[in-house]
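K.L.:
Now for the letters of each chain:
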Amino acid sequence: DAKTTQPPSMDCAEGRAANLPCNHSTISGNEYVYWYRQIHSQGPQYIIHGLKNNETNEMASLIITEDRKSSTLILPHATLRDTAVYYCIVRGTYTGANSKLTFGKGITLSVRP
Amino acid sequence: DSGVTQTPKHLITATGQRVTLRCSPRSGDLSVYWYQQSLDQGLQFLIQYYNGEERAKGNILERFSAQQFPDLHSELNLSSLELGDSALYFCASSVTGSGTLSIGYTFGSGTRLTVV
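As you go down the protein sequences, you meet chains A and B in turn.
Residue numbers for the first sequence follow the numbering used here, beginning at 65 and rising by one.
Residue numbers for the second sequence follow the numbering used here, beginning at 138 and rising by one.
Source of the hints: derived by calculation from the structure; they are not laboratory data.
Computed from a predicted model, the values in this text were never measured in an experiment.
Heads up, some of the hints might be wrong.
Heads up, simulated DSS-like pairs for lysine-lysine below, C-alpha to C-alpha not over 25 Å straight-line [claimed, not checked]:
#, chain 1, residue 1, chain 2, residue 2
1, A, K67, B, K194
2, A, K116, A, K67
3, A, K169, B, K194
4, A, K133, A, K116
Let's have the full structure, built from the sequences with the hints guiding it.
P.N.:
In structure tokens, the structure reads:
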């Protein structure tokens, strides 16, 4: 049972910001939003996660709406190497059996030159 | 290098055979997760071990089994292989303790299994 909804694909121009949306309208109060990406058959790579505040790290920014029903991952200056499948995942705090991450289909980001 | 080591990187075997995939987690990580990724199924969670004990099971077939050893490395055993078992198998590890929020998984580079 998918907890998140992402469009199947999007593209952006190299050097521009890529804004990847995710809907998670049934998110619970203790559930975090995680973003991972997978570059062509490599192992998925952790990007960022957040609960309700906006978060930023060296890779990206995560903007979570006030009602927490949706979020946006922002890659500020997309490069060709950012072409990948991006997964938005919601998960609660670790309680053993609930620690697994469930991946959906993700969104395929294509960065064009 | 993510710190999670999976061997072998590629494996070609015949139907009916048995194979073992190995995963060494990142230093200090206690949890190991196995995922299967085939073209039409996406990333499917198989099983999780924490400090040697099975913690969660996903869509793992009865022909598949796993274990985590005292040194925390894990092995995924696939037997009576079928053509449909051809897939990428990923291992991930995380630092987790009961009640502690994991900062996220670290994935290995995967083992590509081809059953012919």
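K.L.:
Work down the list of hints and note, for each, if the structure agrees.
P.N.:
Structure-based check of all given hints:
| no. | hint | in the structure |
| --- | --- | --- |
| 1 | A/K67 x B/K194 | holds (19 Å) |
| 2 | A/K116 x A/K67 | holds (17 Å) |
| 3 | A/K169 x B/K194 | holds (20 Å) |
| 4 | A/K133 x A/K116 | holds (10 Å) |
In this structure, every one of the numbered hints holds.
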